[in-house]
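Engineer: The listed protein sequences correspond, in order, to chains Z and W.
Everything in the first sequence is counted per the numbering used here, starting at 3 for the first residue and increasing by one.
Everything in the second sequence is counted per the numbering used here, starting at 35 for the first residue and increasing by one.
Bear in mind the hints are in silico, worked out from the structure with no lab data behind them.
Note that the Cβ used here is the ideal one computed from N, Cα and C, for glycine as well.
Honestly, I wouldn't trust all of these hints.
[As the list claims (entries may be wrong)] Restraint-style ranges between C-beta atoms, simulated for each label pair: (1) 89(Z) - 416(W): 24 to 34 Å; (2) 123(W) - 77(Z): 47 to 57 Å; (3) 90(Z) - 416(W): 22 to 32 Å; (4) 217(Z) - 123(W): 28 to 38 Å; (5) 160(W) - 89(Z): 38 to 48 Å; (6) 112(Z) - 356(W): 49 to 59 Å; (7) 118(W) - 167(Z): 56 to 66 Å; (8) 276(W) - 167(Z): 40 to 50 Å; (9) 89(Z) - 100(W): 51 to 61 Å.
[What the hints assert, rightly or not] Every beta carbon over 10 Å from chain W, so not counted as near; a handful from chain Z, in silico: (10) 89; (11) 110; (12) 158; (13) 189.
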Amino acid sequence: MPEAPTDRHHDDGHPNGRPNGRPGGRPAPRGGEIKYVAKNMRLDLRLIAEMIPSGATVLDIGCGDGALLAHLTAEKGADARGIEIDMAQATQAVAAGLAVIQGDADHDLAFYPDGAFDYVVLSRTLQAVERPREVLRQMLRIGRHAVVSFPNFGHWLLRWQLLSKGRMPVTETWHREWYETPNIHPCTIRDFFDLCRLDGYEVVRWLAVDDRGMRAPWTRAPRLANLFGEQALFLLRRG
Amino acid sequence: MSAPVAPFPQVDHQRAVFADGLALDCGMAIAPLAVAYRTYGQLNAARSNAVLVCHALTGDQYVAEPHPLTGKPGWWESIVGPGKPLDTDRYFLVCANVLGGCMGSTGPQEEMTDAAGRGLGRPWGTDFPNITIRDMVRAQKRLVEHLGIGRLLAVVGGSMGGMQALEWAATFPDAVFAAAPIATAAYHSAQNIAFHEVGRAAIHSDPAWRGGRYWEEGRVPAQGLSVARMVAHITYLSEQALTRKFGRRLRGAPTLTFLEDVFEVESYLRHQGSTFVRRFDANSYLTITRAMDYFDLAAEHDGDLAAAFRGTATRFFIASFSSDWLFPTAESRAIVRALNAAAANVSFVEITSDKGHDAFLLDEPDFHRALGGFLAGCADRLGV
């Protein structure tokens, strides 16, 4: 089985949640350093941040060391909270004064009340949870909107590798062998559209992006996006 | 049976005395109410930097200074002091001896009073009313008001101190900006009650206890109290910690002789027991363990723990330790989930440690970093 984005997985992942935290173990921001972090925040997190209005209540599932939470708190006055499966990252985020709990998407979402948040974020983690459909259902139960990003398994390079070699693709994005990857539920952009239709979620916005999080130009053509987009980013609303 | 042990000497404690007393959960009232306390650091002009530290079962108000009876360093000096997580350069720290304690607050050892508050010339002893964690918190609230503090920046405590932190947040939500219940639970489990009962049975079975009236003879039930402490001490440590500290080593001998062999761990427990009786009152031990056993925060809210926190604006920091089997992580996680259900602002970490329940008192850098960062974040938000 292939592997998700390289920048996420600098060591062994966990089987039922975000395999690891944000790149490089960069300390989460404190006080006056906020701007430094915002400027250097991973690009896909900046795209997510752009989707979230000022003053929103936000839950970031798989928040890593809390870079997005710190940004949303400092720059948008958000009430931002996080869940992180990796204890070292959760401790780092808490030590930075962020409201982060150690926990995971599969087991902890059920305890939040309906409509507790304006936005619930799950970035580059959907493919690694035990029950993606249930996690999405929970996200749109506890949040009015869900922001979901995932690596696109429909990308042409993966298709080509499978077709030409007859083996599980191994790319920069999907770089672990099938027998040790934590990414147990990969999907394509078209698969994700189908699930949204099946469960009645409205796709408010969507983007296909390259591996560094730069916007790709296929927003009007899902089939092309599914072929050329390495990452997908969706903003959903309960239908 | 060892030689009779006299009560520990009485020393002067800093106290606030409230003539009107305190109404208790059991329906009785105690007047006057004395609360012994210590403070560290300076209260700022806005009175917004006060942090209340709540001590555990056998702790006291001497958090960060030598103990007046034992001369040992304060019980939380690893955390409290200039530049430390509970930074006395930034925060004004208050710690009170709990109601029912034996370091100067109203408790079994203090003079019994009648309904009109008149002294009866004898200690309360076992006539001291049954108290609850909430009674302890109400007594602390009186002290905090007496010190001119309307809202605490934080209430911090481990073990029974964590129960108090939870109770503070549930009972006086507007008076607590942040709460840090550590290595604790929202109720005392059957297993924990069972261990307490063994300790109480040891005290009761000491002939020197004399039905709680040992004070009449000027001696204390040292044997029973010491056994209670030994049992409790086992629950504070993990199997790994005991193995690491003592293993199967013998005291003063390389191998078993089958004569007078003493394992190091036995010697350690005896030492713990014998030193404890020189600073703690047996009737206080009975009273406070009972208060812990009564504690069930959900039961105070019709069985729904989340209801205890609904609508709260208090920020929570929950921490547990991986090898703590007295207050295991699952108990902390249950609190976190109830707080999530109440849409509260909560941080939670489980610290990896092999030191058992005692870890919250010891040098655990991750824990110190997380607690310090949480408090600093709260203080930043309040402009402290």
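Engineer: For residue 158(Z), which was marked as not at the interface, is the minimum beta-carbon distance to chain W over 10 Å?
Structural biologist: Residue 158(Z) is indeed farther than 10 Å from all Cβ atoms of chain W, at 42 Å.
Engineer: Is 22 to 32 Å a correct range for the gap between the Cβ atoms of residue 90(Z) and residue 416(W)?
Structural biologist: holds, 28 Å
Engineer: Lying within 51 to 61 Å: is that true of the beta-carbon distance residue 89(Z) to residue 100(W)?
Structural biologist: violated, 36 Å
Engineer: Using the Cβ atoms, figure out if residue 112(Z) sits within 49 to 59 Å of residue 356(W).
Structural biologist: violated, 24 Å
Engineer: Is 24 to 34 Å a correct range for the gap between the Cβ atoms of residue 89(Z) and residue 416(W)?
Structural biologist: holds, 28 Å
Engineer: Tell me if the beta carbons of residue 276(W) and residue 167(Z) are separated by a distance inside 40 to 50 Å.
Structural biologist: violated, 56 Å
Engineer: Assuming the hint says 28 to 38 Å, is it satisfied by the Cβ distance from residue 217(Z) to residue 123(W) or not?
Structural biologist: violated, 48 Å
Engineer: If you check the beta carbons of residue 118(W) and residue 167(Z), does the distance land in 56 to 66 Å?
Structural biologist: Holds: the Cβ-Cβ distance is about 58 Å, inside 56 to 66 Å.
Engineer: Does the claim that residue 110(Z) lies outside the interface with chain W hold up, using a Cβ gap greater than 10 Å?
Structural biologist: violated, 7 Å
Engineer: At the C-beta level, are residue 160(W) and residue 89(Z) separated by a distance inside 38 to 48 Å?
Structural biologist: holds, 45 Å
Engineer: Could you let me know if the closest chain W CB is still more than 10 Å away from the CB of residue 189(Z)?
Structural biologist: Holds, because the least Cβ-Cβ distance between residue 189(Z) and chain W comes to about 28 Å, which exceeds 10 Å.
Engineer: Taking the minimum C-beta separation from residue 89(Z) to chain W, is that value above 10 Å?
Structural biologist: Non-interface label on residue 89(Z) violated, nearest chain W Cβ at 6 Å vs cutoff 10 Å.
Hint check: violations occur at hints 2, 4, 6, 8, 9, 10 and 11; the rest are consistent with the structure.
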